[in-house]
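Peer 1: Here are the chains, one letter per residue:
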Amino acid sequence: MSDVTVKGLTIDLGTGSAQKKILNDVSFAVASGESFGLVGESGSGKSTILRCIARLLTFWSGEVTIAGQPIAKIPGADYCRVVQMVFQDPYGSLHPRQSIKTALHEPLRIHRLDHQQECMEKALLDVGLNGSFLTRYPHELSGGQRQRVAIARALILEPSVLLLDEPTSALDVSVQAEVLNLLNEIRRARKLTYLFVSHDLAVIDYMCERLAVMQSGSIVEIMNRSELCEGRAKHPYARELINASIEYDRVA
Amino acid sequence: MTTKSLYNPKAMSTPGISARFSGPLKALGAVFKRLSSDVSSCFGLVVIAILVLSAIFAPWIATHDPNLVNLPNALRAPDAVNWFGTDELGRDIFSRIVHGTRITLSIITIVSIVVGPVGLLVGTTAGYFGGWCDTVMMRITDIFLSFPGLILSLAFVAALGAGLENAIIAIALTSWPPIARLARAETLTFRSADYISAARMQGASSIRIIVKSIMPMCLPSVLVRITLSMATVILTAAGLGFLGLGAQPPLPEWGAMIATGRRYMLDSWWLVAFPGMAILLVSLAFNLLGDGLRDALDPKQR
Chain A
1 MSDVTVKGLT IDLGTGSAQK KILNDVSFAV ASGESFGLVG ESGSGKSTIL
51 RCIARLLTFW SGEVTIAGQP IAKIPGADYC RVVQMVFQDP YGSLHPRQSI
101 KTALHEPLRI HRLDHQQECM EKALLDVGLN GSFLTRYPHE LSGGQRQRVA
151 IARALILEPS VLLLDEPTSA LDVSVQAEVL NLLNEIRRAR KLTYLFVSHD
201 LAVIDYMCER LAVMQSGSIV EIMNRSELCE GRAKHPYARE LINASIEYDR
251 VA
Chain B
1001 MTTKSLYNPK AMSTPGISAR FSGPLKALGA VFKRLSSDVS SCFGLVVIAI
1051 LVLSAIFAPW IATHDPNLVN LPNALRAPDA VNWFGTDELG RDIFSRIVHG
1101 TRITLSIITI VSIVVGPVGL LVGTTAGYFG GWCDTVMMRI TDIFLSFPGL
1151 ILSLAFVAAL GAGLENAIIA IALTSWPPIA RLARAETLTF RSADYISAAR
1201 MQGASSIRII VKSIMPMCLP SVLVRITLSM ATVILTAAGL GFLGLGAQPP
1251 LPEWGAMIAT GRRYMLDSWW LVAFPGMAIL LVSLAFNLLG DGLRDALDPK
1301 QR
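Sequence lines, in order, name chains A and B. Residues in the first sequence are numbered consecutively from 1, following this note's numbering. Residues in the second sequence are numbered consecutively from 1001, following this note's numbering.
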């Protein structure tokens, strides 16, 4: 069981008149095994929500639970094996001076797991690479290959929830499709729960069963895929966003 | 590489690329190659190699005993027997300079062994943790930085007593702050990088992140900075020796040699000129090597 619920997630910065709400009372629930999308324009707080759930940010209020347990109460070592994250920029998420082997070996060493060599090779095979990549450095790989390595690193601890922060927006379109298909296959095979952030509605439509539309720190509407496809969005901003996306596709 | 081959694991295993860059040793070789392709850093390398070799083989290279007093032979001008002449006690200056390399080299080695790790540790911890930890550590660094190096070393030597060991301690104490500053500045640019976040999400402790992820990123610039500050270290050591607070006679320390030769300088120029030249050459060599290292190690220039 790895359902994620977020209740009243709020971040305030500054005080008095300079106070700014980065996230305003964000609430949603993701069932175990579901893929949930977060869309919105840049600066709407989508990635911030992921960073809160990832415990990379600590100054938020509200409640986030995974499988019924508040995340603040889960010990750090256990938490890594429940939640992992794939970052947006594959050029910035791999340490430039660490080989792929080191990148994959570190989590295994930290958690003192067995069969480390087999584990690393299997993790690479699972993302469509092979063991020969272990000796390479990130600068020797293409963007798509790096993102695959980043996914392998996130999956090597076998988490049940994967946070995906625009995992394909830095990749070109053909590679993007491959990575998205890979993510779908992995989710099916491992029954993972996805939280997928993107500004691209087409990607969200392809990846997620349900999605939340965000505007300046708040969720304006939560809908499912069929509502998105049939254009049954109720909130004016959500409708505007969807229309803009369709318009853009037609032009492009 | 075509997009189709991305799906085929076999097409992606090109061992040729990995063989090229397969480890720190090869990377070191690449740095060395870059260094030797540049004339000025090549000169620096050669001078430092001579320094190291003469320190190791000093007893065989030196033509005389460096401490052998031979009063009838005092203040002899350079000739075939005494290549660099003799000093006021008749000691061979060439032999003393050769033996002096051991002192210079040990000062440099000890100072860099102390200063590098201390500066790196202080800087990266302050930069990574931020907040009050950063404030406290950096204010201490600022206090050390606000003293002129030589004056602070003078104060330390005065407090600890004159002598080579104390001079080394004093120099080490005064030369870590710039390195800590540099390491902190570098750390600040890396600490919010995604790969640090990824390491945290994998459950790495702060110490592990600092040592394994941040230090390797700071190391090149710190290495360059240490090499460049070696020239200052040599000059400070010579200055302390000159003031009689560093190496004590009869140790053949270059600065101390200049200090004693000063009285005879007008008639016997070789007493001061040759040790001075040695100091000049070695500091110049370290500066040139530091410049070359900066070009060779700077990731932005690749």
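Everything labelled a hint here was simulated from the structure, so no lab data went into it. Nothing here was measured: the structure is a model prediction, and the numbers come from that model. Where a beta carbon is used, it is the ideal one built from N, C-alpha and C, also for glycine. Among the clues, some could well be false.
Said to hold, decoys possible - To spell it out: a stretch of chain B is covered by chain A in this simulated footprint if at least three of its residues, at any positions, have a beta carbon under 8 Å from a beta carbon of chain A; those stretches are: (1) 1190-1203; (2) 1210-1219.
What the hints assert, rightly or not - Below, a list of computed lysine-lysine pairs in the BS3-like style, where the Cα atoms sit at most 25 Å apart: (3) A:LYS101 x B:LYS1212; (4) A:LYS191 x B:LYS1026; (5) A:LYS7 x A:LYS101; (6) A:LYS20 x A:LYS7; (7) A:LYS122 x A:LYS7; (8) A:LYS20 x A:LYS122.
To be verified - Cβ-Cβ distance ranges computed for the label pairs, FRET-style: (9) B:SER1205 x A:ARG188: 32 to 42 Å; (10) B:GLU1165 x A:THR10: 18 to 28 Å; (11) B:SER1205 x A:ALA202: 50 to 60 Å; (12) A:GLU185 x B:SER1205: 27 to 37 Å; (13) B:SER1205 x A:LYS21: 43 to 53 Å; (14) A:HIS139 x B:MET1265: 27 to 37 Å; (15) B:GLU1165 x A:THR102: 32 to 42 Å; (16) A:HIS111 x B:TRP1132: 23 to 33 Å.
Peer 1: All the hints need checking, so say for each whether the structure fits it.
Peer 2: So, going through the hints one by one against the coordinates:
{"no.": "1", "hint": "1190-1203", "verdict": "holds (count 10)"}
{"no.": "2", "hint": "1210-1219", "verdict": "holds (count 4)"}
{"no.": "3", "hint": "A:LYS101 x B:LYS1212", "verdict": "holds, 14 Å"}
{"no.": "4", "hint": "A:LYS191 x B:LYS1026", "verdict": "violated, 43 Å"}
{"no.": "5", "hint": "A:LYS7 x A:LYS101", "verdict": "violated, 39 Å"}
{"no.": "6", "hint": "A:LYS20 x A:LYS7", "verdict": "holds, 20 Å"}
{"no.": "7", "hint": "A:LYS122 x A:LYS7", "verdict": "violated, 37 Å"}
{"no.": "8", "hint": "A:LYS20 x A:LYS122", "verdict": "violated, 46 Å"}
{"no.": "9", "hint": "B:SER1205 x A:ARG188: 32 to 42 Å", "verdict": "holds, 35 Å"}
{"no.": "10", "hint": "B:GLU1165 x A:THR10: 18 to 28 Å", "verdict": "violated, 60 Å"}
{"no.": "11", "hint": "B:SER1205 x A:ALA202: 50 to 60 Å", "verdict": "violated, 41 Å"}
{"no.": "12", "hint": "A:GLU185 x B:SER1205: 27 to 37 Å", "verdict": "holds, 34 Å"}
{"no.": "13", "hint": "B:SER1205 x A:LYS21: 43 to 53 Å", "verdict": "violated, 33 Å"}
{"no.": "14", "hint": "A:HIS139 x B:MET1265: 27 to 37 Å", "verdict": "violated, 56 Å"}
{"no.": "15", "hint": "B:GLU1165 x A:THR102: 32 to 42 Å", "verdict": "holds, 40 Å"}
{"no.": "16", "hint": "A:HIS111 x B:TRP1132: 23 to 33 Å", "verdict": "holds, 31 Å"}
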